[in-house]
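Q: Now for the letters of each chain:
2 protein chains.
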Amino acid sequence: MGGDHGPSVTIPAAISFLKKQSDVHLILVGLEDVLRAELKKHHAEAHPRITVKNATEVVTMDDPLEIALRKKKDSSMRVAVELVKDGSANASVSAGNTGALMAVSRYVLKTMAGVDRPAICSIMPNQKGGPTYMLDLGANVDCEPHHLHQFAIMGSVLCAAMENIERPTIGLLNVGTEEIKGNDVVKATGVLLRADHERGKLNFHGNVEGNDIFKGTVDVVVCDGFVGNVTLKAVEGLSRFVKSVFTENIFSMAGALLARKSLKKLNPERYNGAGLLGLKGLVFKSHGGASAFAFEWAIKRAYDAAKYDVQEHLSALIAELMPTTPDAQQQA
Amino acid sequence: MGGDHGPSVTIPAAISFLKKQSDVHLILVGLEDVLRAELKKHHAEAHPRITVKNATEVVTMDDPLEIALRKKKDSSMRVAVELVKDGSANASVSAGNTGALMAVSRYVLKTMAGVDRPAICSIMPNQKGGPTYMLDLGANVDCEPHHLHQFAIMGSVLCAAMENIERPTIGLLNVGTEEIKGNDVVKATGVLLRADHERGKLNFHGNVEGNDIFKGTVDVVVCDGFVGNVTLKAVEGLSRFVKSVFTENIFSMAGALLARKSLKKLNPERYNGAGLLGLKGLVFKSHGGASAFAFEWAIKRAYDAAKYDVQEHLSALIAELMPTTPDAQQQA
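Taken in sequence, the protein lines are chains A and B. Here the first sequence stands for residues 1 to 332, where the numbers follow the numbering used here. Here the second sequence stands for residues 333 to 664, where the numbers follow the numbering used here.
These are calculated hints, taken from the structure and not from any lab test. Hints are not guaranteed to be accurate.
Covered stretches of chain A (chain B as the covering partner; in silico rule of three or more C-beta atoms under 8 angstroms from a C-beta of chain B) [to be verified]:
| id | stretch |
| --- | --- |
| 1 | 136–146 |
| 2 | 211–218 |
| 3 | 221–229 |
| 4 | 237–247 |
| 5 | 263–269 |
Have a look at the derived ranges for each label pair, beta carbon to beta carbon [to be verified]:
| id | chain 1 | residue 1 | chain 2 | residue 2 | range |
| --- | --- | --- | --- | --- | --- |
| 6 | B | H374 | A | S244 | 34 to 42 angstroms |
| 7 | A | P64 | B | M393 | 44 to 52 angstroms |
| 8 | B | H374 | A | E166 | 52 to 60 angstroms |
| 9 | A | S244 | B | I497 | 20 to 28 angstroms |
Just so it is clear, the structure is predicted and the values come from calculations on it, not from any experiment. Each residue gets a CB set at the ideal place from its N, CA and C atoms; glycine is no exception.
Taking the hints into account, I'd like the entire structure generated from these sequences.
A: As structure tokens, then:
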């Protein structure tokens, strides 16, 4: 049902993606009449690789978690995630309310063995031309060192699979690069990550700073969800500011036109599609205001994650590095 | 002695600033021979409003805090701050190592009565055309609610004096705008700030998100030094990335040239000069890599803070809102 813009965005994105990828079948979940009408507009009502699955409710951007979770049991969001749970789908994609999507996904799919808390992982462009993976972007605002440790493992596995990098480098987001820098949680996380590095299990680069995200110093940047969310939104805010500057008069617009090829690499639409990692199933989150072009990237990321067996790789590495989760031990 | 570039940056900046401001006298602190030689280059060795004060040592960007604090007792940084302490100067400006500057300033000047921890406050451009004040940017990586509360008071006073705004609006940096959002420290800080707002003491707007920094939603954004430092550096990193994109080929360069008037408002050099607030004296920090143009802005900020009696306003409001500091109470 597609976040801010609804099926007018998600359906063209789905049709375009199917054109490029011949080995994929999409199940569109939502208000059947609305979806079929939109498909008809695009002459795709009989597309052989599209199935429409009816869901009678829609979680809105303003719905409190309780409504999404307890009241709207036949929401498009929930039905889509249930398709992953029952094996009918390899992954699901939503442009809906992030908090609701995480809550519904945790409730329906449950957390993967060995993971205490799922995290949200997205990518940002960097000056080396590659993406920088960053997590957590807002699922966990209060973190302990073992949570950040698990985020590092999850980010490393996602990056390795999606980018075909054997041992992605991991950086711990901090206020300085020296080991003694940072708050207590980050310093203790550094100890855990260095130990994994010494055992040859994770490729821990060390501490990185905010600017390293865009320098491309490491493949994966790890932080708690508070820092990650604030940083992501600040960066989005600055991007919008820059964009507004380029549309303020005829000279700046002409300038942007001239530089458009170079500016392309900064286009945030290409980086749409965050993974909700650490669940027993793949769920990807598109920006709520995504265009069809951006939403198609989110579908592509979910497709790649399924194709490259992210879940299997993640289970294996988690089992190897974290036979029992510290939170489970505490409860025991 | 001027951070990365030394007197070749600070001296032209000082001379240029004196030309614009007739009521100011500058004391240049550092290796006397070096300073005099640079002044001579600019035909300013006999400038009537410049005094050279000799200091035999220089704190380098790599010096550990202990060296800056205990070994280099005659450093330009320390001597400059001592001029503020003994009343010879109304404010001091340094482009040196931030950690060393804060440590030396705390040691020499001591913390203002009622303030538990000094904080670093800088400004960022926003889409409304004004600056957004933001603190703490890295002095305090582990904060309690009463620290953030004090940062709000300090940022509000600085902004009010520098921008001539009677009651600056204050936003608490968070992962969402609702009161229930955030980690425990931020939620408890919200309670303190709302109480001040209800008593008519502070103009607390509520929670803000990362993008609000650039939207200009509030005049002052409050956060802990970990979040602030990471956000600031991420934003600087993205700015550099954008800049690099505009110099990558002839088309992008021409585009930047066309849009230069609009791009001016994004120029970080205009926002140079962070205040170290909460000390018994004014200290301003310039970016280490500042150009002469940027360093002059840092001098201007220090000048404005002295002229508009920031210290007096701050003491008064702190005394009113925080008669005893929670940290002092705990120790008692």
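Q: Hint by hint, which ones does this structure get wrong, listed from lowest number up?
A: Violated: none.
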